[in-house]
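**Student:** One-letter residues, chain by chain:
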Amino acid sequence: MLSRVADSLYWMSRYVERAENTVRQLDVTMSLMLDTGGASAEARWKRLMASLGKPDGVPWTSDLESMASALVFDNTNHLSVTHSLNGARENARQVREEISSEQWQRLNRLFHHMHSPQTQTQFRSSINEALAGVLDGIHLFQGVSDTTMIHGQGWQFIRLGRYLERAYATATLLEVFQPDLFHPQGREQSGYQYLELVGLLRCCTSFEAYCQVYTAELSPDRILEFLLLNRDFPHAIRYCADGIRHAVESVQRTGGRRPPEELVAVIGRLHAMLGYTTVGEILAGNAAGFLHTIREQCMRIHELIYRYYVHYSIQSALAI
Amino acid sequence: MSTGNTVELETLFGDYPLDRAFDEMREAGGEVRPQYRALAETLAGLPPDELQRRKQSADLSFLTQGITFTVYGRDEGTERIFPYDLLPRIITAQEWDRIERGLTQRITALNLFLRDVYSDAKILNDRIIPRELVYSCKHYRRQMRGLQVPRNVYISVVGSDLLRLNTGEFVVLEDNLRVPSGVSYMLTNRRVMKRTFPQLFHSYGVRPIEHYSQLLLATLRSLAPEGRPEPNIVLLTPGVFNSAYFEHTYLARQMGIDLVEGRDLVTHDNVVYMRTTDGLKRVDVIYRRVDDDFSDPLIFRGDSSLGCAGLFNAYRAGNVTVTNAFGTGLADDKAVYAYVPDMIRYYLNEDAILPNVKTFLLGEEKQRQHVLENLEKLVVKAVGESGGYGMLIGPQSTAKQREEFARQIEANPRNYIAQPTLDFSRAPCLIGDRLEPRHVDLRPYILFGDKVNIVPGGLTRVALEKGSLVVNSSQGGGSKDTWILEQ
Chain A
1 MLSRVADSLY WMSRYVERAE NTVRQLDVTM SLMLDTGGAS AEARWKRLMA
51 SLGKPDGVPW TSDLESMASA LVFDNTNHLS VTHSLNGARE NARQVREEIS
101 SEQWQRLNRL FHHMHSPQTQ TQFRSSINEA LAGVLDGIHL FQGVSDTTMI
151 HGQGWQFIRL GRYLERAYAT ATLLEVFQPD LFHPQGREQS GYQYLELVGL
201 LRCCTSFEAY CQVYTAELSP DRILEFLLLN RDFPHAIRYC ADGIRHAVES
251 VQRTGGRRPP EELVAVIGRL HAMLGYTTVG EILAGNAAGF LHTIREQCMR
301 IHELIYRYYV HYSIQSALAI
Chain B
1001 MSTGNTVELE TLFGDYPLDR AFDEMREAGG EVRPQYRALA ETLAGLPPDE
1051 LQRRKQSADL SFLTQGITFT VYGRDEGTER IFPYDLLPRI ITAQEWDRIE
1101 RGLTQRITAL NLFLRDVYSD AKILNDRIIP RELVYSCKHY RRQMRGLQVP
1151 RNVYISVVGS DLLRLNTGEF VVLEDNLRVP SGVSYMLTNR RVMKRTFPQL
1201 FHSYGVRPIE HYSQLLLATL RSLAPEGRPE PNIVLLTPGV FNSAYFEHTY
1251 LARQMGIDLV EGRDLVTHDN VVYMRTTDGL KRVDVIYRRV DDDFSDPLIF
1301 RGDSSLGCAG LFNAYRAGNV TVTNAFGTGL ADDKAVYAYV PDMIRYYLNE
1351 DAILPNVKTF LLGEEKQRQH VLENLEKLVV KAVGESGGYG MLIGPQSTAK
1401 QREEFARQIE ANPRNYIAQP TLDFSRAPCL IGDRLEPRHV DLRPYILFGD
1451 KVNIVPGGLT RVALEKGSLV VNSSQGGGSK DTWILEQ
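Chains as they are written, first to last, in the working numbering: chain A, 1 to 320; chain B, 1001 to 1487.
If we strip away everything but chain B, and leave its shape as in the complex, we get (with noise of 0.2 Å):
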């Protein structure tokens, strides 16, 4: 870097603080890592309002494109930008390969503990994982005791949340096995940054994500029923008032593959079809992102219609795959979730290589009492809730919320768990015309069909807000293009 550019970059850098969270672009001492030089260098390059123009002209781009996320509770307008920041977040080769293989092994060991639990249970026998916990989830599902899915694949789309530590290491946050949704963020957050920084990007060497939706259809083929050559391959959505719609459209339309709502199907001698204007034709495969509770009324809440009367019993049958599997939300308790290390251990023989976030299970007397003392330096969070809701920061918490949040979790001891409040890293977003740390997670999407496939990439989110710890985008989240280096 020459010394005329460093002005530059500190004037836009300013009173940017480094403390005790790692930081994704700069040591501790405040030098640029590696990865991220070249990046500092053409920021330093730019002209001044140059940043400026350039975020404009991104967000023009979203809302031509119409990408976009609904928000519950409102009339009209309902519809709102996903909030992107400019700034790419690197992870090198290496680092990625650890996140590859750590992901790889814990999709494989939970995909194995499903399969366990809804046939022999011998993790429950072995007493590896206490029974009543499982029987106890919420999204455990009796009905699939003793049910064969196809090739014993229960979750063919994962996305986990990681972060990282002040350490510099990825842990497992939580792993999302009903039915993840972001992946259309991170290709249209891909396609803007080819846009908006074409040379920097060519210079870097970033690996492509741009094959996701053949790779997700590939996957989806692969599951299909026997003797169907030719599956028909379906995306169910719960329609146009949900949140995710924009991404429901988006994969159907990437894939080319029809979008269907439960009205759109029947069911007829356990046969799943559609209604189309040549007459009903047979569906195969239903990339389902319909909750279990809302997909059949006749087995799941009965006052549900976004689903399909039938599609259970034909799911039996073995004439129609659909994936997720059904009670696939017992392995991302937040309470079994504890338990992941001992199954890659139990399934696997090895040891976890991406780590959990040390967990304190609110059913056990001790740690109980433990998190009880201490809540106001822990977070609590409601084990079959996602998206950010039914959750306690205890640093950032009144003492009133303390005391209800007690008086929950002592009605209701299993339904939470509390983790130490993390230290995760930051990134540098551009807010007004500053760069100012914002804290990440990363969420890679996994496929599970032949064989575990991630594409080199992920969404990482951002709180946008400053020193919040919430990345959920229904919570003021916003998200970034992450780079993936070939070497």
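Next up, chain A with everything else stripped away, as it sits in the complex (with noise of 0.2 Å):
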């Protein structure tokens, strides 16, 4: 496969994975504004902005609708869900050959939906419902993604950008929340307590799965060890990396290269962090830093990639 085509398609899945994780917990931000105790409102906002990887990308200014609204339409933000939709669509537009029609018109139709007026004059009247519309859309896709394409190294590519940028995603959410789980200010906040909770679950569409396994008794332990370490759940970190290393060697039994020494270490260290360590030990050592690395491999093995698969060096191309 062409390296420019799976850099195209590894990005296309990465920024809809993207835009999907934005609209999220701005939803969920806007709900849990709507309660006035616990933090303040624009206390939230910033940890939306930091938990998106960005602690400047839209100020504060009290305006809670048009901040919102920037971060949902504004082209020149790099946070935005459009800013991410346009370049995943410009990623498959060049990759048109490779990607199935249905793939195509799916993203295409929601590029359309967001630039609609439409949808903006939506969003000043209900700005959940017009959040869920998107949802939809990036949702429509993600399925046909998985359904209408060949499973063949493209698709590998597509994976890895997703469970890349997800993994990344709930590090760095995790992270973030991490300062307000484990330090709650007093016991008689305990109703608005629940709700960040709820909250940070839901962010990771991860409220209904978490009552499956452990009742609906919200612990920050348990949603620490849930989001990171269950092997099942698809928006869990360990998951993301069970698939970003399963990515890796289909990408080999596809035809690409083998992975370089470098990288196997990398996503091998990643799941071995993940896969043999307890919730308990976590929480007894540095958990801020434990996140911390995980993000750092992230980036690690993405560079990798690029490097490897992507932009080599044409010399170390001719001398193998």
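Simulated from the structure, these hints should not be mistaken for lab results. Fair warning: there could be bad hints in the mix.
Taking lysine to any residue and the SDA-like style, the derived pairs with C-alpha atoms no more than 20 Å apart in a straight line are [said to hold, decoys possible]: (1) B:Lys1055 / B:Phe1201; (2) B:Lys1281 / A:Ala288; (3) B:Lys1377 / B:Tyr1389; (4) B:Lys1281 / A:Leu79; (5) B:Lys1281 / A:Arg253; (6) B:Lys1194 / B:Phe1062; (7) A:Lys46 / A:Ala288; (8) B:Lys1138 / B:Arg1414; (9) B:Lys1055 / B:Pro1083; (10) B:Lys1281 / A:Pro55; (11) B:Lys1281 / A:Ser313; (12) B:Lys1281 / A:Gln315; (13) B:Lys1194 / B:Glu1050; (14) A:Lys54 / A:Leu79; (15) B:Lys1281 / A:Ile314; (16) B:Lys1281 / A:Lys54; (17) B:Lys1281 / A:Arg258; (18) B:Lys1377 / B:Arg1020; (19) B:Lys1281 / A:Lys46.
Where chain B lies over chain A, by a calculated footprint (3+ residues, C-beta under 8 Å) [stated by the list, open to error]: (20) 68-77; (21) 255-263; (22) 268-279.
Just so we're clear, the structure is a prediction, and the values are computed from it rather than from any experiment. Ideal Cβ positions, reconstructed from N, Cα and C, are used throughout, including at glycine.
Two chains, two frames, some hints: make the complex.
**Tutor:** Listed below in structure tokens is the structure:
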């Protein structure tokens, strides 16, 4: 497979995943803000920005609607949903011969949806409904990506993009939430504390899944365990790490190069970190540092994939 | 035809004008031509809104398939659907036979001409074609002199534009020997048509064209360098911003080959490679959809990043086939065009089966005078342009435009030719809920590898604006499916 094509598929997928993450976190934050107790709206907004990876992404102005609107529609802001979806479509457009017509049509429709005036009008009247509409579009795209495309090398790069983006985003989210989770401000606010915990789970669409595993009894360490170490839940970081490992192996099986030692080592280390640790050990040690390491390893995997499959030096390639 | 149907048909035709121009469907007296009768009966038998309904469903089909072309100079919404007319253009087996023989003859001669000019230049030495005409051509590439091209095939993918005059005879208006486009519309038009009029299509006995992509692949394969039995064939596109990008992706997908951009290619030791996730992979045949100028910054335009540095040297070394060859634009220069019948006589010792359009060469004093005195009756074209740009249509021009062209002709006579304004044929198109005649041309697609191969069909382009003579998609043209009958 052409390196450029692999790169475009990878980024198409990352951008879609990023858009989904942004929409979901915004949605959760907006509903948390309805409750006046607990953290202030400003603190919540800042936390949202931090967990999206850019503390000054959309600065706090107290005009909630225009802040949310900027985060969704402002194409000049790299954090925005529109920016991500534009990026996804632009990448898809360059590999139209590789993806299925259904994928292209779904993404194309979503792109036009984001740019239509009706969507912005709907946004002003009901933010929740508008966000739900965008999520629907994204889910449809993810769905047809899995069901209409041959699960060859291209699809493996799509998976790689999806899981790397998701693992990184979840690790960032946990890192940002972590101080609030484990240092509640006294027992009397437990109602608000509960809402925060539900919010965190909903940011990863994992509230229902959590309840199935642990019942509705929410505790910070169980949530951390679930989002970090669960091997069966698609938004848990361990699940993503398994997905990354499997995708890289499959790239080789479907005609790509053998992954270099370095890449195998980082992926193996990430896998081991999540597979052979208990949440007790993590909490006894430096939890923030643990999450930070995960993020660093995700970045490292990204770099190695880029350097090895996409932008490798001609000299090294000719030497083989 | 029963009388009941005729009435219906007359409503459909309304005040459909028939005048000097050849009408594809109706004879001068209004009678429907034999090959169109079954179509006319079908149209007459349809309920009133049915035609509109089918038109809408065909349009929707194009839209959802994303069959679009790019309009330059706009920021967003740059992709447009290529307008499509519902009624097929029907060509009889006998007419097609002549077209096929004529084009085969013409392409063979043009290829011999290119080979000759880039080697011994006999045709110039024998003074059949003026030397200065060839050497002053913008698309002449001196780098091609003495270069051996695989199987001596310079032009393996060609799309020639034909017109039908009021005598009913087909003539060649121009040959596109560089990077002709539009074949994807020919193929998708057929697909949509089969869905729109399935029974009618079946009853007509239309010759198939669907194997074009396979033929193209076989053509490319036949031109692979020696000793490469399993050649790696790629399609080189300028990228997503090119107006024909849809076609590039379409053909690559149909042939199952990689669609590459210049940045995917590297050359080393005169071998071209593409970057893949499995390392560098050797490229053997490049179906090039990038103009000469942008193909190799080391040889052609240095400021272009669309091509691949070193490509030309690899080509010269015979390690990669690039098709069409470089410098083929020489033979579709509109002034060189005037000499094609002479080439056919010179190389093949035959008379041209498909005639040329009368062409005035403005480099010649007497012809130039005649043209300058009759600008309002003539069409003036810049020799190296395509896509309907750089053109003056005399009868539809203003005095100011004519003055401007006269000045440009005086300044650079070699750069222009003139032709009489042609009354070329018209075919009925569905405009609103009526049929109205619109001017059409015909672009068959010719492949040349082991031998000349023409799929029976082509793109019928339509000047959708009333009275317009310009059929180019960039200038408001549309298209029709073209049916070549079995017999």
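**Student:** Next step is simple, just say for each hint if it's right about the structure.
**Tutor:** How the hints compare with the structure:
About 16 Å separates the Cα atoms of Lys1055 (chain B) and Phe1201 (chain B), which keeps this hinted pair within 20 Å; it holds. Proposed proximity of Lys1281 (chain B) and Ala288 (chain A) is contradicted: the alpha carbons are some 45 Å apart, above 20 Å. A distance of roughly 19 Å separates the Cα atoms of Lys1377 (chain B) and Tyr1389 (chain B); the hinted pair therefore holds under the 20 Å criterion. For the given pair, Lys1281 (chain B) sits about 37 Å from Leu79 (chain A) by alpha-carbon distance, which is inconsistent with the 20 Å threshold.
Only pairs whose Cα atoms come within 20 Å are accepted, and Lys1281 (chain B) paired with Arg253 (chain A) is accepted, the gap being roughly 17 Å. About 13 Å separates the Cα atoms of Lys1194 (chain B) and Phe1062 (chain B), which keeps this hinted pair within 20 Å; it holds. At roughly 19 Å between alpha-carbon atoms, Lys46 (chain A) and Ala288 (chain A) fall within 20 Å of each other, so this suggested pair holds. Proposed proximity of Lys1138 (chain B) and Arg1414 (chain B) is supported: the alpha carbons are some 10 Å apart, at most 20 Å.
Using a Cα cut-off of 20 Å, the hinted pair Lys1055 (chain B) and Pro1083 (chain B) holds, with the two alpha carbons roughly 11 Å apart. A threshold of 20 Å between alpha carbons decides the hint, and for Lys1281 (chain B) with Pro55 (chain A) the separation of about 44 Å lies outside it, so the pair is violated. Between Lys1281 (chain B) and Ser313 (chain A), the direct Cα distance comes to roughly 14 Å. Compliance with the 20 Å bound is thereby established for this hinted pair. This hinted pair checks out: Lys1281 (chain B) and Gln315 (chain A) have alpha carbons roughly 14 Å apart, not beyond 20 Å.
Of the pairs offered as hints, the one joining Lys1194 (chain B) and Glu1050 (chain B) holds, with about 16 Å between alpha carbons and a cut-off of 20 Å not exceeded. At most 20 Å may separate the alpha-carbon atoms for a hinted pair to count; Lys54 (chain A) and Leu79 (chain A) meet this at roughly 8 Å. Straight-line distance between C-alpha atoms of Lys1281 (chain B) and Ile314 (chain A) comes to about 12 Å, which keeps the hinted pair within the 20 Å bound. Among the hinted pairs, Lys1281 (chain B) with Lys54 (chain A) is inconsistent with the structure: their alpha-carbon atoms are about 40 Å apart, more than 20 Å.
Restraint check: the Cα-Cα separation between Lys1281 (chain B) and Arg258 (chain A) comes to about 15 Å, which is no more than 20 Å; the hinted pair holds. For the given pair, Lys1377 (chain B) sits about 16 Å from Arg1020 (chain B) by alpha-carbon distance, which is consistent with the 20 Å threshold. The hinted pair formed by Lys1281 (chain B) and Lys46 (chain A) fails the criterion: a straight-line CA distance of about 49 Å is larger than 20 Å. Counting residues of the region 68-77 of chain A whose beta carbon lies closer than 8 Å to any beta carbon of chain B gives 0, which falls below the threshold of three, so the coverage claim is violated.
Using a Cβ-Cβ cut-off of 8 Å, 3 residues of the region 255-263 of chain A lie near chain B, which meets the minimum of three, so the contact claim holds. With 0 residues having a Cβ less than 8 Å from any Cβ of chain B, the region 268-279 of chain A misses the three-residue criterion, and the hint is violated.
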